[in-house]
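Protein chains: 4
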Amino acid sequence: MINIGIIGYGYWGPNLVRNFFAAKDCCVRCVADARSDRLEQLGKVFPGITGLQDADGIIRDPEIDAVVIATPVFTHFSLAKEAILQGKHVLIEKPMTSSLIEAEILLNLAEQKNVLLMVDHTFLYTGAVEKMKQLVESRELGNIKYLDSTRINLGLFQSDVNVLWDLAPHDISILNYIINERPYSVNATGVTHTHNAIENIAYLTVNYSSGFIAHFNCSWTSPVKVRMMLIGGDQKMILYNDLEPTEKVKIYDTGYHHKTDEEKKRILVDYRTGDIHVPKLNTSEALLGMANDFISSITESKDPRSSAQLGLNVVQILEASSKSIKQNGREVKLESVNAHIQHIDQTVLSF
Amino acid sequence: MINIGIIGYGYWGPNLVRNFFAAKDCCVRCVADARSDRLEQLGKVFPGITGLQDADGIIRDPEIDAVVIATPVFTHFSLAKEAILQGKHVLIEKPMTSSLIEAEILLNLAEQKNVLLMVDHTFLYTGAVEKMKQLVESRELGNIKYLDSTRINLGLFQSDVNVLWDLAPHDISILNYIINERPYSVNATGVTHTHNAIENIAYLTVNYSSGFIAHFNCSWTSPVKVRMMLIGGDQKMILYNDLEPTEKVKIYDTGYHHKTDEEKKRILVDYRTGDIHVPKLNTSEALLGMANDFISSITESKDPRSSAQLGLNVVQILEASSKSIKQNGREVKLESVNAHIQHIDQTVLSF
Amino acid sequence: MINIGIIGYGYWGPNLVRNFFAAKDCCVRCVADARSDRLEQLGKVFPGITGLQDADGIIRDPEIDAVVIATPVFTHFSLAKEAILQGKHVLIEKPMTSSLIEAEILLNLAEQKNVLLMVDHTFLYTGAVEKMKQLVESRELGNIKYLDSTRINLGLFQSDVNVLWDLAPHDISILNYIINERPYSVNATGVTHTHNAIENIAYLTVNYSSGFIAHFNCSWTSPVKVRMMLIGGDQKMILYNDLEPTEKVKIYDTGYHHKTDEEKKRILVDYRTGDIHVPKLNTSEALLGMANDFISSITESKDPRSSAQLGLNVVQILEASSKSIKQNGREVKLESVNAHIQHIDQTVLSF
Amino acid sequence: MINIGIIGYGYWGPNLVRNFFAAKDCCVRCVADARSDRLEQLGKVFPGITGLQDADGIIRDPEIDAVVIATPVFTHFSLAKEAILQGKHVLIEKPMTSSLIEAEILLNLAEQKNVLLMVDHTFLYTGAVEKMKQLVESRELGNIKYLDSTRINLGLFQSDVNVLWDLAPHDISILNYIINERPYSVNATGVTHTHNAIENIAYLTVNYSSGFIAHFNCSWTSPVKVRMMLIGGDQKMILYNDLEPTEKVKIYDTGYHHKTDEEKKRILVDYRTGDIHVPKLNTSEALLGMANDFISSITESKDPRSSAQLGLNVVQILEASSKSIKQNGREVKLESVNAHIQHIDQTVLSF
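First to last, the protein sequences are chains G, B, F and Y.
With UniProt numbering, the residue at position 253 of the first sequence is 253, and numbering never jumps.
With UniProt numbering, the residue at position 254 of the second sequence is 254, and numbering never jumps.
With UniProt numbering, the residue at position 197 of the third sequence is 197, and numbering never jumps.
With UniProt numbering, the residue at position 41 of the fourth sequence is 41, and numbering never jumps.
It should be emphasised that the hints constitute simulated quantities derived from the structure, not laboratory data.
Small disclaimer: the values here were computed from a predicted structure and weren't measured.
Among the hints, a few may not be true.
When chains are identical, the list treats them as one kind, so a pair holds in a single copy or across two.
Derived SDA-like pairs (lysine to any residue); straight-line CA-CA distance at most 25 Å [unchecked claim]:
#	residue 1	residue 2
1	Lys225	Gly127
2	Lys225	Leu85
3	Lys24	Asp37
4	Lys44	Asp275
5	Lys81	Pro62
6	Lys44	Ser185
7	Lys133	Phe212
8	Lys133	Leu154
Model the full assembly from the supplied sequences, consistent with the hints where possible.
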């Protein structure tokens with residue numbers, strides 16, 4: 001039985017409490033939030049859970065085995081660092097941290113302390129992503145050529161992170177989960193329509209040396225909600241529309257291959273369009289799957305699906321995208337993270 | 001009565017013949033195409049029109065007043081130049097030319113020769129674009145903040161131009177038509193999945209000093225056809241879905257404005273969502289409207305809607321996008337075209 | 001403060017408990033259900049509410065002011081009758097009763113006992129129906145000519161009532177709410193694909209002397225879920241698609257009128273198609289609106305929107321539809337209910 | 001080479017001319033229409049075809065082998081009768097005739113004269129219907145339980161036939177083509193919103209002794225166009241949406257079966273929902289397929305897909321539906337046509 005403390009009871013916190021309440025082999029002991037009205041709300045729905053105003057009460061509680069962090073992004077690092085130093089297993093809301101260096105430090109620390117560090121990329125636990133992963137791995141799509149994602153709606157303008165840090169983690173986590181190749185660079189452009197220099201519309205291209213390409217279109221200012229991803233292989237292609245109630249994943253028996261016309265030295269491309277298949281998907285709640293993965297990864301000492309490494313890779317792309325936007329869309333290379341990690345001075349752990 | 005000769009009877013040519021046949025105050029005299037099978041086809045459907053294998057027979061025919069050029073892009077410049085030098089009015093298929101300098105030369109020449117030069121950006125004559133132009137001009141949308149366009153499908157891989165030169169002219173012409181501000185730079189990324197270095201997927205951002213931004217997503221390798229454009233103002237927003245049979249343009253009474261919270265120094269954004277309005281659109285055939293505009297611009301000596309200047313601006317953005325892709329997405333500034341035109345050496349006209 | 005007891009904690013009961021819990025000026029005291037597992041579930045979620053296995057414990061509790069009946073249809077009459085005789089206000093799930101005579105008796109009894117009798121036709125409290133009622137009443141649609149409803153899906157085959165009694169009450173209640181004219185007859189056809197003579201597909205036409213017509217298509221065996229209603233006036237028409245997340249009600253500025261061509265003695269019909277308007281709808285929870293209407297109708301002695309009379313009219317149409325199906329689709333007249341009510345022998349109250 | 005004459009050059013005639021022009025082994029010699037403006041139009045597009053104002057010129061022309069009748073319904077019988085008596089093969093537009101007796105007489109006559117009689121039910125030649133026929137015949141759907149069709153739009157009010165005679169022939173021909181069982185009765189209801197007693201909204205149920213049921217919803221007064229058909233088997237079900245550009249036929253791996261709970265004497269129904277499959281369809285033009293079937297059925301003396309018998313069966317259902325509407329929805333039995341045909345007095349052939 002893993003005893004859990006949850007820090008943050010804002011937008012996402014109640015969902016985490018509800019699902020860890022329903023998860024196996026764990027018990028939600030306490031929830032911390034600075035706002036008393038939220039703790040009052042907690043008391044009404046879950047009278048058996050202790051409400052605390054200070055996160056320290058969770059982090060330093062010797063009865064707590066695992067800490068779940070659902071606070072604003074800029075606080076993730078220091079809360080997670082403290083919890084790991086106290087020997088707690090830690091689950092962090094996406095995006096994992098505000099910078100790559102912070103993510104690297106947390107991974108290092110967790111390894112040293114031998115605790116589980118995991119990031120809540122909930123989408124990895126949906127039936128749709130599970131099915132797409134399986135289609136890519138079984139090579140049913142052939143060679144994967146591109147991933148194109150649009151995630152736009154009239155959304156809350158965040159005051160601390162831009163629209164890519166807010167919306168793209170979902171799609172980048174899916175990208176990292178189903179594509180094994182590591183990207184080598186990103187380009188990003190964007191614009192802010194307020195005076196705070198935080199982009200509310202942004203576009204991100206992720207480049208790969210194999211010729212695979214990924215593109216993300218994110219906006220808080222669309223009149224319509226769109227949640228659409230295309231994944232194209234040379235054998236088959238996928239349309240993933242998360243707003244479809246039942247037909248979320250459509251597999252198109254559509255492909256193309258090219259050859260060189262020796263005589264005219266021209267490239268000839270052959271197309272094929274065929275049937276469409278809409279597989280029945282697992283419809284169990286993704287967040288519950290994530291919660292169970294966290295708990296069982298602790299109890300069975302296994303790697304979770306939504307691992308810290310995957311979370312770090314997401315942060316790396318986000319950080320590079322911010323650099324690219326600041327440099328007017330210039331290509332930003334993604335250094336090898338393993339090389340990078342060597343440079344972390346041990347003293348950095350004290351900040 | 002304007003006598004017309006049409007050069008090129010491939011994919012688009014028959015549509016041009018049919019619509020100039022139906023247009024007012026003009027007469028299609030001859031059609032030129034190097035392929036005899038196409039001329040045979042012409043003869044069956046339009047026995048009264050002369051078929052020629054050589055474009056020169058049209059360009060040098062003194063009875064021809066106006067020449068319509070519907071050939072591959074790389075031939076546009078030399079055919080148009082010859083026709084203008086022969087004193088013909090000229091209509092060129094989009095994109096106007098393969099380079100900005102060619103477009104500039106044609107504009108200069110047409111002015112010298114006092115003939116009409118026009119580009120067939122057919123979309124400008126659709127009821128949908130007409131309505132959107134009117135909504136923007138009447139300021140019903142408020143201040144326009146962004147335009148976001150997706151034009152993807154499983155399309156013919158062109159062997160001479162990339163996917164942006166093939167598909168984006170439609171959307172860039174709409175952009176240029178309804179937005180008065182001139183852009184100052186572009187960023188573009190893309191990828192080719194063949195060996196001919198011609199991108200089949202590409203993304204283009206067009207930057208404006210006012211903070212307005214435009215983005216274009218073009219692909220020949222999507223399993224689904226998408227023709228979707230969002231235009232966002234701070235008062236209202238438009239969703240333009242060209243595949244909708246009747247509800248192509250939806251106007252969302254959705255907007256936002258921001259203010260600074262003086263106390264906390266934070267930006268506060270207020271949203272508003274409201275009714276949706278779907279206007280009835282003019283459904284007359286766009287290509288016929290274009291043909292009539294060409295003829296009446298000649299007979300009435302007026303500026304056509306789809307002017308050579310607009311066509312040149314489209315080519316300028318396309319050319320810059322190609323540069324940006326070659327330079328890995330680097331921002332490419334759009335020089336003032338008027339400044340540029342000074343540099344054209346008169347000798348260039350002989351190439 | 002109205003003290004409430006709820007009988008039945010199956011499919012719908014928990015929704016009723018949750019909403020009466022949230023409603024104003026009332027308190028859910030106890031819930032009765034014969035199944036102990038359901039009462040256990042109740043205890044977990046609402047530890048403050050008493051669970052009882054016997055409905056009598058609610059009906060005869062002097063502290064209870066109002067009884068909510070959410071049990072199988074065939075039990076509605078006897079439970080409601082007992083509750084009314086005990087002087088309780090009564091809310092019954094739809095459909096109100098299994099027969100018209102039962103509904104008439106309950107109305108009579110409630111009047112004698114001076115208690116409120118109401119039926120839970122939840123849809124009357126949705127923003128969509130509210131808007132449609134308003135459009136019809138303001139005569140914006142002109143003269144209403146037809147209502148056509150399709151409510152089909154792969155649904156649970158009920159073992160006590162056929163598909164019309166199960167699904168059509170929603171649509172018939174909307175019909176009765178927004179159309180003032182009383183129907184004079186019905187025709188219905190249907191089929192059963194099991195051996196229990198309970199139709200799983202059925203079609204109902206409701207006839208009106210003005211020429212207005214209503215039609216209902218109900219099925220438990222459709223592979224797709226459809227919730228679509230058309231309401232046609234001669235000035236405008238409505239498409240109500242309850243599955244649309246945001247655009248549930250579309251108003252078409254489409255109409256027609258006819259005149260007689262005096263010369264040729266033919267009917268000429270003029271059409272008009274125009275803009276489409278999608279109004280923003282009230283999105284507050286319908287069931288909470290219903291609960292608040294029940295409570296405020298008690299405390300303010302007013303008529304509720306979803307009145308017993310409306311519920312009775314729904315049952316009258318359903319009963320006639322069953323007769324018509326049994327008689328192979330023959331037209332069944334709807335007698336005036338007021339005339340009918342005279343025939344109820346006082347002794348009937350004892351059954 | 002079959003020489004063809006086409007009578008009627010109104011709405012459908014030009015499509016017939018164009019397709020017989022493109023069909024194999026035949027030649028369109030002449031077209032008859034009383035209106036000179038239509039013949040003028042014909043002359044422009046098909047200068048090689050003779051235009052005639054009188055149908056007799058076709059029917060009595062010894063060079064004509066086959067006559068195509070595309071005139072108003074009430075003229076079909078007499079034109080077809082004359083043509084058959086002249087020894088011509090005959091193709092009639094749907095619906096075949098205005099009454100069952102007329103259809104029977106034509107079938108009899110054609111048999112006596114040994115000529116081909118065929119009805120143009122174009123939908124039978126679409127890729128969608130072909131696929132559905134094949135799915136039903138291969139028993140992939142299991143036992144077919146129902147067919148439910150909606151064909152509504154804002155349509156031209158016909159002045160001679162009601163909305164069922166105008167729109168339902170398409171769907172009834174599909175029903176007759178893919179379901180082998182013969183129906184035993186129909187019920188129909190409808191309403192007219194003009195003063196000419198011609199229904200503009202009507203509903204038709206077709207009853208079968210096996211428990212299979214078919215239902216048709218037709219309207220000329222819907223603000224939206226719907227072309228939707230559901231075909232349900234106990235193994236799989238089909239959704240056929242003719243307005244979908246590419247996904248017209250969707251096959252749902254959805255079914256149900258029932259058993260009797262011996263203990264409780266209740267019917268238990270088991271459901272199954274699964275994947276959805278969207279087959280690629282043959283997209284060749286249906287009308288050309290129909291034209292080729294007519295010609296090859298003549299030259300090869302084979303039975304066409306859209307046979308006179310099928311056309312007669314459609315008329316039988318339509319005629320019964322009109323009777324049912326007039327009798328307020330009463331069930332109208334469909335007599336065995338073979339029995340019926342005995343009663344035709346030979347003298348009837350003279351009317």
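query = Which of the stated hints cannot be reconciled with the structure, identified by number in ascending sequence?
reply = 2, 4 and 6
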